[in-house]
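Visitor: Sequence:
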Amino acid sequence: MLKTVIYQFRKFNSNYKHFIVSIFTSFFHSFKKQFYKTKYILHYFVLCLFLMISHTYYANALTAKTLDVIHGHAPYLSFDSGATKGEIQALLGIRLSDGREYVPEMGRSNLYPNAMIASPDEIIELPSSAESFDSIQTLIPLSSNSSYPKINLRDLIVTNNYWVDDDGDNNVDMTGLLELIWYDVNSVDITNTIKNNPTSKFDPCSAPYQLHLKVRDAQLSTLYGEPKITNFGTSWSLGSASQTYILNPKISANEARICYAQPLGMYGMPGKNWNNLHGFHVNNINNPKDNFPTTGADNLSFYLLLTGITPQQVINANGTTVSAVSGGSSVNILLSAEKLNQNSNQNKLQLKITLKGPNKDSNNKNFNPSLFKLYADSNHNQLLYSFKLERWYIAKPDLGTDYNQAKNFCNGLGSNYRVPSVGDYTNANDGYSWMWGEPGQKNESLRQLSYQRGNRWIGGLFNEWGSFNTNVSDWNFPPYWASESYQDKQYIIMSYGQIFLNNPDSIAGLACVTP
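Residue numbers (my numbering): 1 to 515.
Don't take each hint at face value.
Computed cross-link-like contacts, DSS-like style, restricted to lysine-lysine with a CA-CA straight-line distance of at most 25 Å [said to hold, decoys possible]:
(1) 373 / 356
(2) 388 / 360
(3) 201 / 250
(4) 407 / 360
(5) 201 / 272
The set of hints was computed from the structure by calculation and includes no laboratory data.
I would like the entire structure built from these sequences, with the hints used as guidance.
Guide: See the structure below:
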């Protein structure tokens, strides 16, 4: 459009010059004799022609200069009405409920006037354990914000006049988004959960949390002038900037908790309260039947993953050997502080619990269901964990036996030991002959605690503890005989809880259970 206007204007100037010259020439030839007589008239016309032509050249020159692009300054961000230039990193700040503010490098501005620079690996402790997610303020509103977890930069920058153009151009636009993502300690995206429950509390067992803020595709522009566009970010990530904050809820001394009970065997299909990374999630320390384990055997061990208290503090409060508070003295537990992975230099110490009770060589093989309690304080006023062993198992670590030998061995132990049923091992179903496991479960243990349906146990050793293929010397010969049979064949159970049938005179592993 601009080129067309220039062309028409220049065409008009050219035609105008030719028009003036033509008129003068025609006039001169028509009145040549009169001009000779009156020279002063000729002088007058020559002067007029010169002025007219000079005017058109001046107009052309002026037009060329006027139509040239205006060179000025690019628009920029400012959060103090133009006093200083702002950086895109200023949008990545946070404010805590106690007034503390944090921004990334290059993020200082009037948006967070008292901010501290947060390093990428800094762990920020929240003011209290009662903090909720909506107490962490960003420039993206959480409550009543249908677009959470993002906001359009046009709504943020243009609407709030966080921009300046030194050339006075008011036709400004801003593209891009400011967005965030919440992660828990397992790197699970919990953003939608927070959106739907903004007043939910930080859970110390899911900490530390990560809050990732990012500016994407940011560009500030005006309609006129050159340059008229400002891009933000780096050359390798144009229009982008990001910052991650690591947040940890504060835990007081009386808020010590057990987050997970983790057995050595971690493989298996996840069931109720099972976490594939950490084991059984602890929900109710006051109800032992809801806590791992309910089954046990000599030298089986597991870890309690703590928060708000160290393993050594638990050991100091309870001692290294803990007896049952009910059920007799045949089973004790040993406490120690060890790493989850002995081959790792990074894992912190956790509280290891080792069961000590009757085995095949014990003189006293008696067992009664036994309740154990651990405390966070030496006065035993603050309960930390409780669990109740309902069944006790003894394995015979050798090359296996046939079924009759297994039955005779268990009967010979006394104290009501017997060959375990399928349900004493697993909560699986084989799909055609054994259907008394967890409803709908396939032929593999579902990792959840055992429970009773009527007089029948739904689950036992393998769905709770996992496979004993390693780390447990007495349990070295799967599969194991079960007491039930089907069409003249005996059930055998693999270490992952799978159910199969075998000839009773074949060889399989031997274990016994009571009661």
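Visitor: Next step is simple, just say for each hint if it's right about the structure.
Guide: Now the hints, each set against the structure:
| no. | hint | in the structure |
| --- | --- | --- |
| 1 | 373 / 356 | holds, 15 Å |
| 2 | 388 / 360 | holds, 22 Å |
| 3 | 201 / 250 | holds, 12 Å |
| 4 | 407 / 360 | holds, 14 Å |
| 5 | 201 / 272 | holds, 22 Å |
The structure is consistent with each of the numbered hints, conforming to all of them.
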